[in-house]
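Student: Sequence:
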Amino acid sequence: MTRFTLPRDLYHGKGSIEALKTLEGSKAMVLVGGGSMKRSGFLDKAVNLLKEAGMEVELFEGIEADPSVETVMRGAEAMDKFKPDWIVAMGGGSPIDAAKAMWIKYEYPEITFEQMCVPFGLPRLRKKAHFCAIPTTSGTATEVTAFSIITDYQKGVKFPIADFEITPDVAIVDSDLAATMPATLVAHTGMDAMTHAVEAYVSTANTSYTDPLALHAIKMIYENLIDSYKGDLSKREKMHDAQCLAGMAFSNALLGIVHSMAHKTGAAFKNGHIIHGAANAMYLPKVIKYNSKDAEAAKRYADIADFINLGGNTAEEKVELLIKMLRKMNDDLNIPHCIKNYGDGGAVADKGIIPEEEFLQKLPKIAELAISDACTGSNPRQPSQQDMEKLLKCCYYDSEVD
Numbered sequence: 001m002t003r004f005t006l007p008r009d010l011y012h013g014k015g016s017i018e019a020l021k022t023l024e025g026s027k028a029m030v031l032v033g034g035g036s037m038k039r040s041g042f043l044d045k046a047v048n049l050l051k052e053a054g055m056e057v058e059l060f061e062g063i064e065a066d067p068s069v070e071t072v073m074r075g076a077e078a079m080d081k082f083k084p085d086w087i088v089a090m091g092g093g094s095p096i097d098a099a100k101a102m103w104i105k106y107e108y109p110e111i112t113f114e115q116m117c118v119p120f121g122l123p124r125l126r127k128k129a130h131f132c133a134i135p136t137t138s139g140t141a142t143e144v145t146a147f148s149i150i151t152d153y154q155k156g157v158k159f160p161i162a163d164f165e166i167t168p169d170v171a172i173v174d175s176d177l178a179a180t181m182p183a184t185l186v187a188h189t190g191m192d193a194m195t196h197a198v199e200a201y202v203s204t205a206n207t208s209y210t211d212p213l214a215l216h217a218i219k220m221i222y223e224n225l226i227d228s229y230k231g232d233l234s235k236r237e238k239m240h241d242a243q244c245l246a247g248m249a250f251s252n253a254l255l256g257i258v259h260s261m262a263h264k265t266g267a268a269f270k271n272g273h274i275i276h277g278a279a280n281a282m283y284l285p286k287v288i289k290y291n292s293k294d295a296e297a298a299k300r301y302a303d304i305a306d307f308i309n310l311g312g313n314t315a316e317e318k319v320e321l322l323i324k325m326l327r328k329m330n331d332d333l334n335i336p337h338c339i340k341n342y343g344d345g346g347a348v349a350d351k352g353i354i355p356e357e358e359f360l361q362k363l364p365k366i367a368e369l370a371i372s373d374a375c376t377g378s379n380p381r382q383p384s385q386q387d388m389e390k391l392l393k394c395c396y397y398d399s400e401v402d
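Mind the numbering: the sequence shown is residues 1 to 402 in the UniProt record's numbering, read in order.
For the record, the hints were derived by calculation from the structure and aren't laboratory data.
Please note that a few of the clues may not be correct.
As the list claims (entries may be wrong) - Okay, derived cross-link-like pairs now, PhoX-like style, lysine-lysine, Cα gap no bigger than 20 Å in a straight line:
hint : residue 1 : residue 2
1    : Lys155    : Lys270
2    : Lys21     : Lys51
3    : Lys14     : Lys238
4    : Lys270    : Lys393
5    : Lys127    : Lys81
6    : Lys351    : Lys270
7    : Lys340    : Lys328
8    : Lys270    : Lys365
9    : Lys128    : Lys105
10   : Lys390    : Lys365
11   : Lys340    : Lys362
12   : Lys27     : Lys83
13   : Lys230    : Lys328
14   : Lys219    : Lys238
15   : Lys155    : Lys365
16   : Lys293    : Lys390
17   : Lys14     : Lys38
18   : Lys105    : Lys83
19   : Lys155    : Lys362
20   : Lys324    : Lys289
21   : Lys340    : Lys365
22   : Lys365    : Lys393
23   : Lys230    : Lys219
24   : Lys328    : Lys289
25   : Lys21     : Lys45
26   : Lys51     : Lys27
27   : Lys14     : Lys235
28   : Lys38     : Lys51
29   : Lys105    : Lys27
30   : Lys340    : Lys393
31   : Lys299    : Lys324
32   : Lys340    : Lys270
33   : Lys127    : Lys83
34   : Lys299    : Lys219
35   : Lys351    : Lys340
36   : Lys81     : Lys128
37   : Lys351    : Lys393
38   : Lys27     : Lys45
Can you make the complete structure from the sequences, with help from the hints?
Tutor: Dropping the structure here:
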């Protein structure tokens, strides 16, 4: 038996934030990251719409990028004091992911972070509150997924929380909120979405329900991301929908080792984080080459190449054309091909911010953690410690996957 789960209601299209005034409840806590929602006026609009729905509203602001365990605990304490029956998270992946984890702790105050991270092991939620997610970036799709990524900075590791219980009840996918994204954020979130769709399609947990979503998302991202990056707002609107479709696919088909590697390299180095979307963009071509040694995975990668009309006669040729296309997209988006050339803000740099000596010193532990990541189990090939170390080296140096 296989499960397919999405939010109860999904409102999409320009102006769909108005759906907030249809929510029924008495108290809503609105959670956001930085000041961009306030400066754009969308935070005030959301608060006013919730008040129009008859709710008392409290804000929890300042959720950082790559939210920490400590932030999760602070937010849960704030929820416990205010006692909302609606949790409304607005922003990129970080505020929504943090709010999901806070929600768990609010409903079950005794639960530990380690217990939260047991895959698909959460107790029933919604005893105290329902959850509404409003994305302002076009990549993570956490508004429709069963996942949350929280960083333990003491360990230098990102941990995925995975359970259908944290799939939001309501998602509002309003492209107006994504219109002011900086170009770099468009690039990184867009390639995050591409990775979601590609990994979902080749995942060992793929189904006939997830395949159409993944393929259509890949096609939409391929056709719209570069122009969205260049500032075409009509393409940005399409990207906001495309990333959501990719999220629907991977939330139910799961992911693979691109994400395992991105999770475990993201916060591992002293000189700076590797931005999640940039990590996915760098690692995806290498992982495709590695996974294509599996015949079924190669066939599925070839299906993707055929769906977007890349050409090629054999599965091997089609896989190579898919890899070439993704690398070209990275070039067009100013995303480096390898960790060695990864600079501040995720852009291409002559001298990267991750020193070779530190990378090699931490490599065995990063590889070990990547193998044990929740996303590895649905990858087409199960890497050994040696495989993972070699693959990560290819991602550092941009060397060929043999």
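Student: Are the hints correct? Go through all of them and say.
Tutor: Outcome of the hint check:
1. Lys155 to Lys270: Distance ~12 Å between Lys155 and Lys270 Cα, so the pair holds.
2. Lys21 to Lys51: Holds. Lys21 to Lys51 sits at ~8 Å (cutoff 20 Å).
3. Lys14 to Lys238: Distance ~11 Å between Lys14 and Lys238 Cα, so the pair holds.
4. Lys270 to Lys393: 18 Å, holds
5. Lys127 to Lys81: Given that 20 Å is the threshold and the Cα spacing comes to 16 Å, the pair holds.
6. Lys351 to Lys270: This hinted pair holds, its Cα atoms lying about 16 Å apart.
7. Lys340 to Lys328: Measuring from Cα to Cα gives roughly 18 Å; hence the hint holds.
8. Lys270 to Lys365: Holds - the C-alpha atoms of Lys365 and Lys270 are around 15 Å apart, at most 20 Å.
9. Lys128 to Lys105: Holds - the C-alpha atoms of Lys105 and Lys128 are around 11 Å apart, at most 20 Å.
10. Lys390 to Lys365: 13 Å, holds
11. Lys340 to Lys362: 15 Å, holds
12. Lys27 to Lys83: 7 Å, holds
13. Lys230 to Lys328: 15 Å, holds
14. Lys219 to Lys238: 11 Å, holds
15. Lys155 to Lys365: Holds, because 11 Å separates the two Cα atoms, which is no more than 20 Å.
16. Lys293 to Lys390: OK: Lys293 and Lys390 at ~15 Å, within 20 Å.
17. Lys14 to Lys38: The hint holds at about 19 Å.
18. Lys105 to Lys83: Roughly 12 Å between the alpha carbons, so the hint for Lys105 and Lys83 holds.
19. Lys155 to Lys362: 12 Å, holds
20. Lys324 to Lys289: Satisfied, since the Cα-Cα distance of roughly 11 Å is no more than 20 Å.
21. Lys340 to Lys365: Holds, at about 19 Å.
22. Lys365 to Lys393: It holds: about 13 Å lies between the C-alpha atoms, which stays within 20 Å.
23. Lys230 to Lys219: 18 Å, holds
24. Lys328 to Lys289: Status holds; Cα separation ~16 Å.
25. Lys21 to Lys45: 10 Å, holds
26. Lys51 to Lys27: Status holds; Cα separation ~9 Å.
27. Lys14 to Lys235: 13 Å, holds
28. Lys38 to Lys51: 17 Å, holds
29. Lys105 to Lys27: Holds, at roughly 18 Å.
30. Lys340 to Lys393: Measuring from Cα to Cα gives roughly 10 Å; hence the hint holds.
31. Lys299 to Lys324: Satisfied, since the Cα-Cα distance of roughly 17 Å is no more than 20 Å.
32. Lys340 to Lys270: Holds - the C-alpha atoms of Lys270 and Lys340 are around 15 Å apart, at most 20 Å.
33. Lys127 to Lys83: 12 Å, holds
34. Lys299 to Lys219: Satisfied, since the Cα-Cα distance of roughly 17 Å is no more than 20 Å.
35. Lys351 to Lys340: 7 Å, holds
36. Lys81 to Lys128: The hint holds at about 13 Å.
37. Lys351 to Lys393: 17 Å, holds
38. Lys27 to Lys45: Satisfied, since the Cα-Cα distance of roughly 16 Å is no more than 20 Å.
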